[in-house]
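Residue strings, one per chain:
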Amino acid sequence: MTRPDLSALTASIRRPGTTALIYLALAAVVLVSGVAVALEGKNLFATANLVDMFTRTSLTGFLAIGMTLVILCRSLDLSVGYTAALSSLVAATTMDGQVANLPLAIGAVLLVSGLIGAANGAIVAFLRVNPFIATLGTGLIIKGYLDTRYKGPAGDVPEAFRAFGYSRIGPVPVSTLVMLALAVAAIWFLRSSRTGHHMYAVGGDVDIARMSGIRTDRVLLTAHVLCGMCAGVAGLLLAARFGTGSAESYTNLYELDAIAAVVLGGTLLLGGRGGVAGTVAGVMILAVLDSVFNVLQIDPFAKDVLRGAVIIAAVALYARRQLDRTARRPRFPTAAAGRTR
Amino acid sequence: MTAPPVLDMHGIDKAFLGVPVLTSVDLRIERGEVHALVGENGAGKSTLMKILAGVHTADAGAIELGGRAVSFTHPLQAQQAGVATVFQEFNLLPELTVAENIHLGREPRTWHGVDRRAMAARTAKLLDDLGVEGLAPTAKVGSLSVAHQQITEIAKALSQGADLICMDEPTAALADAEVELLYRLVRRLRDRGVAVLYVSHRLREIFDLCDRITVLKDGKHVTTVDTADITPDELVTAMVGRRIESVFPERLQGTETGEVRLRVEGGGNAWIDAIDLEVRAGEIVGLAGLQGSGRTEIAEAVFGIAPFTRGTLSVDGTPMRITGPRKAIRAGLALVTEDRKAEGLALRQSVRANARMILDANPRVRSRRRLGRIPGLLSSLDLVSRGEDQEVQFLSGGNQQKVVVAKWLAAEPGVIVLDEPTRGIDVGAKHKLYSVIRQLAAEGLAVLLIASELIEVIGLADRIVVLHDGRIAGELPAGATEQEVMAYATGRRGAEAEPS
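Note that the protein sequences, when read in sequence, are chains S and E. Counting with numbering that gives the first Met the number 0, you get residues 0 to 340 for the letters of the first sequence. Counting with numbering that gives the first Met the number 0, you get residues 0 to 499 for the letters of the second sequence.
To be clear, the hints were calculated from the coordinates, so they are not data collected in a lab. Careful, some of the hints might be misleading.
[Said to hold, decoys possible] Incomplete in silico selection of chain S near chain E, CB under 10 Å:
hint, residue
1, Tyr199
2, Asp204
3, Arg272
Fair warning: this is a prediction, and the values are worked out from it, not measured in the lab. We put the CB at the ideal spot given by N, CA and C, even for glycine.
Just chain S, with the same shape it has in the complex (with noise of 0.2 Å):
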């Protein structure tokens, strides 16, 4: 079929994508940053500063990658941060130092992360609550279990998998190729598997979605699970770098950042539209500013407001481009064009 896969070529060259677009604000981010860096006669681009770099986007990586899912849904999940945390602490106790435990702490870790994942996705599927209470509620439960259940670090992680935490490949640290392979088998998923496909349909209209034969409550639940499974995941790592499960580690507000990142990477918060790549280049936008922050030493309150600035600014700059593509088509063609007064 030489006629469709031609117009294809002419309509992506003729409009550059959104996924494009975001790749170039990255290289541009980098370019920018390592001027800078440079200007004050340091190396961005040094070992130490690259591993710094990379090391931030493994952990954000995979929370953002399973709330990508979940926001094309139309949906969002706040408890990810929780569930990194208690999946850090089931990790950590199930191994108790024994390597040999590894397979079923992280077998574990998946079981719990799912479950907590497949509650938010059945609250929010089938009790229609809305996904920003129904996670947030699930996120104060985790909370409030950890906080009496867990009074400090708990468990014990071997050596062996704390190389998950630390070791690397060049500069590039483990845990990032890690969730790059992640990363490569979600784009795969919501490009070739029918239930990631209709992801997109659930959350650019349900109805639609539903009128065309999509089971669209399995669609969002499995997308809800694979969110909870990602932050596991995160989780997993959590311990991998502490050496033990810490429940405090919710304090940082991982899910922020996580969410930052998807609308970073051009996903639409009211769902349908955006994919991983993307979130990709979310996640490492951020990274670089914060490693740039780090290595400048700017003082953390400018910190934040530049990270704040920079989103506001890219999800301004896509509503924009959303605007423009609307605005192209009237309602009534044939009052505008072809008749002229």
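Chain S is fixed; fit chain E onto it per the hints.
Then chain E, alone, in the frame of chain S:
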């Protein structure tokens, strides 16, 4: 031996809130037939089609598809039974491609996932069979013209195995060249044995395209005829031909037509064009036209919601650029919108809060005196409520509308535009509003009245301006007949008479 008809609906009844919309309606469509369903606004065409699509369920009557009795409680059931409906609002996802939309929920797969190549190939073949050119299966639907979106919707229906495709005003949003494309497509469908139910107001299309015509009037089946056996004039007579009941109040004594209060010259925007309009003090001008002819668009343009981008507008002789409702209100304009619940009222707020809303929101028109008039206004409108603290959501439709009218009259406008002021309200409230409208004119307001019910426009207006396709097709004096109005509204007569 004749095959059973594709569709046989008989004795269909439907009422909304006790008001009958369809009474014992029959509709029979043969295989491979293009069947027109016509009638005035409010005749029940849309309701009948929605019953067929499974959106509404009939109160009584039977539906047979290909001789098999069916009953739909959900749109999906209708779809699976082979009835597809192409509404004016398309059921397509703008972010997906043509092929993805057509195959949504039924994507072909290979061992490694969704088979986009097969999807595109099938779509290309489908479009090829339909004789469609220049529509790429991999194009995003959101970037397509309305015509191509419509084709996508029709192709989707076909690929789901539809035997009957219902089209609701399919040409309403199409340019002339695109209409030709649709004609070809419909004929191609007919040749493939697919039946088409074609709902339209446009007589020319009906006579060009359809084999038979079913006429509805006031929710009842009037006749079903072969297109060859009826003339356009006879068809219009069948659609209207109703006596005007003398329910409309007489023009009040002492009402004088004064200076021009609202004047539009050459007004136009993306939806309407070449609008010349004058409304004088004490005058009620009716805007008539079919759905989508641009009536509401004129109201929105005058009020600055979707302003005129061409031409001039003046209020009381002063040229104005009204770029938004706030400016319109300051200029002394008022607009009672079509959709009371979405645009007219804050449903969870009290009668008082709603009635004060325009004054409270606009310091320039707000005054102690005007605020003080509100209780009197409400009682002069015969508002029935449990006091000014009652939330308006608990009022009847008629009383809600009285609150809307009161909130606008509180600002003492010079020009009031009423868009479907009597929609969904009971007879008593309707009559009250009719006399209120007369009263307003007597007080020297300029009234622009939009109504789908032709008898309302004819019964109330001093002059009737008829729209067709976003333009003024003609103007008629008070006392015009429904036939005359319909002749302009359907495009059979008018400045822009279509070439034949």
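Per the CB criterion, is Asp204 (chain S) less than 10 Å away from chain E? Check passed: Cβ of Asp204 (chain S) comes within 6 Å of chain E, closer than 10 Å.
For the hint on Arg272 (chain S), just tell me whether its beta-carbon gets within less than 10 Å of chain E. 5 Å, holds
With 10 Å as the cut and Cβ atoms as the points, is Tyr199 (chain S) at the interface with chain E? 6 Å, holds
In this structure, none of the earlier numbered hints is contradicted; all agree with it.
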